[in-house]
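The residues making up each chain are set out below.
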Amino acid sequence: MDIRENIISSWVMIKRTKARSFLTMLGIIIGVMAVIVVMSVGKGAESLILNQIKSMGSNLVGVLPGASEEDGPPASAMGIIITTLKYEDGQEIIKKGCDCIESLAMYVSGNDVINYGDNKVSTNFSGTTASYIKVEETEVDVGRFFTEEEEKGVAKVAVLGFEVKEKLFGDQDPIGRRIKIKKTNFLIIGVMKERGVSGFTNQDDQIFVPISTAQKLLLGINHISAIRVKIDSENNIEKALDSITWILREKHGLDFGEADDFSARSMSQGLEALSSITSALRLFLVAVSAIALVVGGFGIMNIMLASVQERTREIGLRKAVGAKKIHISLQFLIESSVITFLGGIFGIILGILISILTAKIVQSMGYDWDLVITPFSIILGTGVSIGIGLIFGIIPARRASRLDPIEALRYE
Amino acid sequence: MTLIKIKNLKREFANDEVVTKVLKGVSFDIDKGEFVSIMGPSGSGKSTLMHILGFLDKLSSGTYDFEGEDVSTLEDDELAEMRSKKIGFVFQSFNLLNRASALENVMLPLLYSDMPKKEREERAKQLLIDVGLEHRLHYTPNKLSGGEKQRVAIARALVNNPEVVFADEPTGNLDSKSGLAVMKILQDLNEKGNTVILVTHEKYTAEHAKRIIKLKDGELLEDKEVSHRQWANINGELTK
Chain H
1 MDIRENIISS WVMIKRTKAR SFLTMLGIII GVMAVIVVMS VGKGAESLIL NQIKSMGSNL
61 VGVLPGASEE DGPPASAMGI IITTLKYEDG QEIIKKGCDC IESLAMYVSG NDVINYGDNK
121 VSTNFSGTTA SYIKVEETEV DVGRFFTEEE EKGVAKVAVL GFEVKEKLFG DQDPIGRRIK
181 IKKTNFLIIG VMKERGVSGF TNQDDQIFVP ISTAQKLLLG INHISAIRVK IDSENNIEKA
241 LDSITWILRE KHGLDFGEAD DFSARSMSQG LEALSSITSA LRLFLVAVSA IALVVGGFGI
301 MNIMLASVQE RTREIGLRKA VGAKKIHISL QFLIESSVIT FLGGIFGIIL GILISILTAK
361 IVQSMGYDWD LVITPFSIIL GTGVSIGIGL IFGIIPARRA SRLDPIEALR YE
Chain Z
1001 MTLIKIKNLK REFANDEVVT KVLKGVSFDI DKGEFVSIMG PSGSGKSTLM HILGFLDKLS
1061 SGTYDFEGED VSTLEDDELA EMRSKKIGFV FQSFNLLNRA SALENVMLPL LYSDMPKKER
1121 EERAKQLLID VGLEHRLHYT PNKLSGGEKQ RVAIARALVN NPEVVFADEP TGNLDSKSGL
1181 AVMKILQDLN EKGNTVILVT HEKYTAEHAK RIIKLKDGEL LEDKEVSHRQ WANINGELTK
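Protein chains in written order, with our numbering: chain H, 1 to 412; chain Z, 1001 to 1240.
Because the hints were derived from the structure by calculation, they are not lab data.
Hints may be right or wrong, so weigh each one.
[As the list claims (entries may be wrong)] Computed from the model, here is a short list of chain Z residues facing chain H with C-beta under 8 Å:
#1 HIS1051
#2 LEU1056
#3 ASP1077
#4 ALA1080
#5 ARG1099
#6 ASP1217
[Said to hold, decoys possible] Restraint ranges, calculated between C-beta atoms of paired labels, are given here:
#7 Z/LYS1143 / H/ASP370: 23 to 33 Å
#8 H/GLU46 / Z/THR1140: 54 to 64 Å
#9 Z/GLU1134 / H/GLU310: 30 to 40 Å
#10 Z/THR1140 / H/LEU23: 21 to 31 Å
#11 Z/GLU1134 / H/ILE379: 43 to 53 Å
#12 H/GLU412 / Z/ARG1099: 14 to 24 Å
Even for Gly, the Cβ is constructed at its ideal location relative to N, Cα and C.
So here's chain Z without its partners, still in its complex pose (with noise of 0.2 Å):
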């Protein structure tokens, strides 16, 4: 089943009179499921590409469908509401609220939805306890490593139920045992059905996933299966 369509988007930015072409006309489809690097040098519009994808920017020209839906217009609060009922996003920076606990972190998505307090509160429990942080509940960011702080970031994309999980650079700021740690968790999300994409600029994370869509100055450069995928387990060792 086919979750994400886009066909010939485009994005431009205007500065100073100056009009910046980051997305040049892009086309391709994702199915539930997949697990996609989208991969490019600094530059290429893989950034541009995801805040689409993840309703946090406006597309200038194209379409997007999302499950089968035509969502190229929404306006601000529509996007907010998609972001709000099907993303979840983990970023290179995690991004966690200082002053919180992991729990509260965690927690904070589901604030904008509907759910009641003690529900949130379970459910935020067992997503870190899934990403094996059940004795840091309530310990703030600056007593959390990096590793684990990326994973309270995970479990935060998770609260809501996404369609799609959105990792930019996730293991960016992180060692290489951490990284693969982080690597693993979201291989397992996608193993259990998750649709992943994955932001990155490094080839061997890229490999991770199942499939990578290069780009190169906004264009599509490249589509296709992962020949030799890798394979991180918990311990953050190589597999094949």
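Bound conformation, chain H alone (with noise of 0.2 Å):
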């Protein structure tokens, strides 16, 4: 009896009993999809980390309060909040800075639900400084950006986001109006262009206001939560990274050897540290599906251990018409592997179909991902599926084959 005779009568056996097969297999099944949408996910990610890089700006430098780990992201990216950073460290980096920093813009961020009529929004806004629209390299579609003397004087203006307009005043002019945040009444003196997600932040979905305005009226603060640097070119990076460093420990008072209280970054140093969080969780994922994989895995040996008992007796008959041990493993190992091996390509496809949703949801909501499927992690799906069927097939097969052929016939 060759191997695909074998594999032929245990297709008709699981189809013979389909429900049963099915659920033998559910264990696989979900471990083989968790495995191909985490890998996929995790994919995706690492081209949404990519794309964001390509979409920054590979010459902005960020500094954001908090020292940083070693590889890490600082805990301040991490929504803690820390108070070192300060308006006037910003304006020190202008003032003592080399000259290869271009523009330099500050920020700190708040929500609030705004109304206008009948429309109600509920977004972020951002205190900034004038010089945001030369650092991000945008611009306003209507009206203007307010100016450095807005900016320190406290002035009640705002600059809407595409979105925040498109939701509030629709196809009317919003230039002139005011609105409501915290309470504290706005001028809206222009529109931003439209600008999609960067930097993880949808920009079109906030308010622009005057930074010392967003401090003093908004949020009741003196701390700033992060500041973006421009340098004129990519090579000048590392140096405009050591002088902003010097500035600031000598502007915070740090000892020598006293460890940085900020954190300085290029964007693209700060988002491979990123990425460096998601492929440990990718990993950590994995692992996790590794498991419903083991634990699918057992569910196999029971439902084969009980299907041998069942079937002692057909055992027991095809021994006494000449079954070898070998034969009577291979029937048990091949139908537990043909069974994961279905379970592995339901899977495949399940995590394929998720994997896809995935892609579409990210990618509805703005974000640049890129559906990505392996081949290995398919060829990985399925050779795993197979060996977990062998492996988990052994004790069961092994059982089968040593059943004593007297008493498997009389086994009732």
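Two chains, two separate frames, one set of hints: put the complex together.
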């Protein structure tokens, strides 16, 4: 009896017990599906990060409050509030920084629900500097951005992101109208050009106000949450980072040997740090899916053991008509691997569908997400599922092959 | 020509330190082409003897020569090889695979031979025709009557062209008419030159053979030719 015939008879067996076979393979289906999805989403996230690096420009340097870990992002990037960075720090960098610094913007942010007439939108507001449009290489669509005087003078003026304008005003011209942010009246002076998602933020779903206004009137703080510095050329990034670091250390009065209380990095470095997190996360998720596969494997073993018991007489008969141990072992091993292989195929199909769905959803949210399904993950999924069938089939197969034919024939 | 030669054959089972002596030294020869009944009450050891002669079980001591070769010390897989090539079994409870068709059931022993699939199917089909089941080839056992099931089982026993056919109470689960039809097939087989060994506790069934070996308590009680042989005909009617 060759392997091909064994596979065919296993297939016939599975078809005859569809419901049970399906339940048996469920663990494998879920496990393989999880592996495929995790690998695809991981690759997608990687593509997202790379695309973000491209979209933000590689000649930006970011300064965040708080010391940074060697490879990861600083704590402030994870949402922990650190108050060591001040407006004056930015001004100091402009004053004393190297010539390679072209412009510098500072940021604070918060969110609120904004009403205009019947329209209501929950959005973020960014307190920033007049230099924002230079640093971020954007421009206003209508009206104007606020000036340096307004930035310093706590002016109650606001520039709307494209999406906020659409939601609040539709086709109406918003210039000259007033909106309330945190109970303070703001005069709308401009609308930004449509930008899409950049730096993981939807730049169109924001309202821009002068940084001093945001600090004093909206947030009641005197620290800032980030500085972005535009450097004249990519080649000068190291030089700029050095200069920024020394200026801030001096300003913060840090002694030699004391660690930085801020973190200055080029944007691409920052994103690389993020991608190191996503790859660690991916590894973890793959490990979790692998556990699902192992659990599925035990499920297979359980069912195969039950099947051996149930088919004791059949095994006895097969032995009586001349089957050797290897024939019986092979029969059960192939049966369990055919089940897991089918489970694997279903898992791969489901995994690919979910990956496509995920990509569509993320893309519809405006992110630049590539759908990546590597042949490797498909080969891995198939290989692992067959392997699990073989490994977890060994014990049932051995048990079957060792049955005594006389006892087995008598089994009721 | 001597096919089976056993000498002082013993079989003991050790269970919980209690040793049960099932066969206590049995000796006889069976020639090629014989039709022998092994007869005895339950517990006489007749089934154990059949298991040993049919390579399903190993002997504890004594010797067993099959076709002149000593087969007393074969290992599990060597026994399987012997069963595959030399032996056909017919069981009381048929032991057909319920999910497989009659044809598939008959083909089963050939799965473990080197015969190509096409040839296996041809052979199995021919045997089912021979036992009068050409109209039942693709029926599963649950659609067959008891007599038909046993005929499928006989076809299966013959499919590997065995040296010996062992029939263990083949009529035990059948009504008398079907039982006689089965006996008729076995007698016809023997007439064509096949060696048939029948295991039964019924005198009447045993007398369809040419020779009866009687066992009692694991020992040979009697070994003699059948003087008034019973003949079954295809209609299941008795003729003398």
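Going down the list of hints, with the structure as the test:
no.	hint	in the structure
1	HIS1051	holds (6 Å)
2	LEU1056	holds (5 Å)
3	ASP1077	holds (5 Å)
4	ALA1080	holds (4 Å)
5	ARG1099	holds (6 Å)
6	ASP1217	violated (20 Å)
7	Z/LYS1143 / H/ASP370: 23 to 33 Å	violated (58 Å)
8	H/GLU46 / Z/THR1140: 54 to 64 Å	holds (55 Å)
9	Z/GLU1134 / H/GLU310: 30 to 40 Å	holds (33 Å)
10	Z/THR1140 / H/LEU23: 21 to 31 Å	holds (25 Å)
11	Z/GLU1134 / H/ILE379: 43 to 53 Å	holds (49 Å)
12	H/GLU412 / Z/ARG1099: 14 to 24 Å	holds (18 Å)
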